[in-house]
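Peer 1: Per UniProt numbering, the very first residue in the sequence shown carries number 1; after that it's consecutive.
Incorrect hints may have been included.
[Unchecked claim] Ranges between beta-carbon positions, derived for each pair:
1. 119 to 157: 38 to 44 Å
2. 230 to 116: 44 to 50 Å
3. 124 to 165: 19 to 25 Å
4. 305 to 134: 30 to 36 Å
5. 278 to 157: 15 to 21 Å
6. 153 to 305: 18 to 24 Å
7. 157 to 124: 48 to 54 Å
8. 131 to 235: 48 to 54 Å
9. 137 to 297: 27 to 33 Å
10. 157 to 298: 24 to 30 Å
11. 97 to 212: 17 to 23 Å
[What the hints assert, rightly or not] Simulated crosslink set (DSSO-like; lysine-lysine; CA at most 30 Å straight-line):
12. 271 to 217
13. 286 to 268
14. 286 to 182
15. 96 to 137
16. 217 to 96
Rather than coming from a laboratory, the hints here were simulated on the basis of the structure.
Every residue gets a Cβ at the ideal spot worked out from N, C-alpha and C, and that includes glycine.
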Amino acid sequence: MSVLILAEHDGHHIKQSTRQLVTAAGAWQQDVHLLLVGGDLSAVVDEAAAIAGVSRVLRVEAPHLTHVLAEDVAAALLQNAAGYSVILAAHSTLGKGALPRTAALLGVGMVSDVVSIQAPDTYVRPTYAGNVLATVKNAHALQVVSVRTTAFTPAANAGVAEIVSAAVPAPFGKARWVSEHKTVSERPELATASVVISGGRSLGEQFNPLLDPVAKKLNAAIGATRACVDAGFAPNDLQVGQTGTVVAPDLYIAIGISGAMQHLAGIKDSKVIVAINHDPDAPIFKHADYGLVADLFQAVPALDAALAAG
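Work out the full structure: start from the sequences and follow the hints.
Peer 2: See below:
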């Protein structure tokens, strides 16, 4: 038996979440296969085959898969699921759309948002906004699992996997791609950045003027709390937390963030957390490796000046 991973890509490169899934798949000690779905996979198939731990890449390629829909991905998984004991996907927009459909069509249950694999059928997943870690067991012979990939290190390049063409599903027909709008930014992607600096609602209209200079000097992604986003000081795609983007950078800098439960759940895997807040009793300090009790409107410009001075 083998593990089948839904590989994600942007048409040019394999996403880091796929490499992290390969690491997670090692818990089963079985052959690991990647399922690549797209209209033209020529730019990513060799990169997928080079990931250490992958023994086969299934290439599902057709013009109608150029803009990937969850319905088409679920159909591709369904057509290629025979012979696998585990189907894995990232707990991402695509994974959350495709995997429940796949499990339902296969007549099995699924376990979502897994952060640890304890046994071939036993998992740990967060609940209650990350305040409780539940251990769950899946009784089905076929394990269908979505993984919070930030909990796992990415696999390196050391493989030479076999590449094979796989069954292509017919167009779903009941859903179609209309358009997409991609935000262009010079900053690193929030979900995969090694440094993230986030601001809370207290920054107000100074959110960008204060955080941008520091982010540029640190080559950091910028994030925001849900309260900051709801107040209109930051766009939705910057929201960090259980209900936004879950991050696991080497360094997370929390500026004016009190530490709501759902926000803490989204940053708990950060290697180092630094917090700046005027309130010494802010919950964020209980989770921070380093804390500074200070007026952020003075502390952040001072930090920027120190970075500029080298």
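Peer 1: Going through the earlier hints one by one, which of them does the structure break, listed in rising order?
Peer 2: 1, 2, 3, 4, 5, 6, 7, 8, 9, 10, 11, 14, 16
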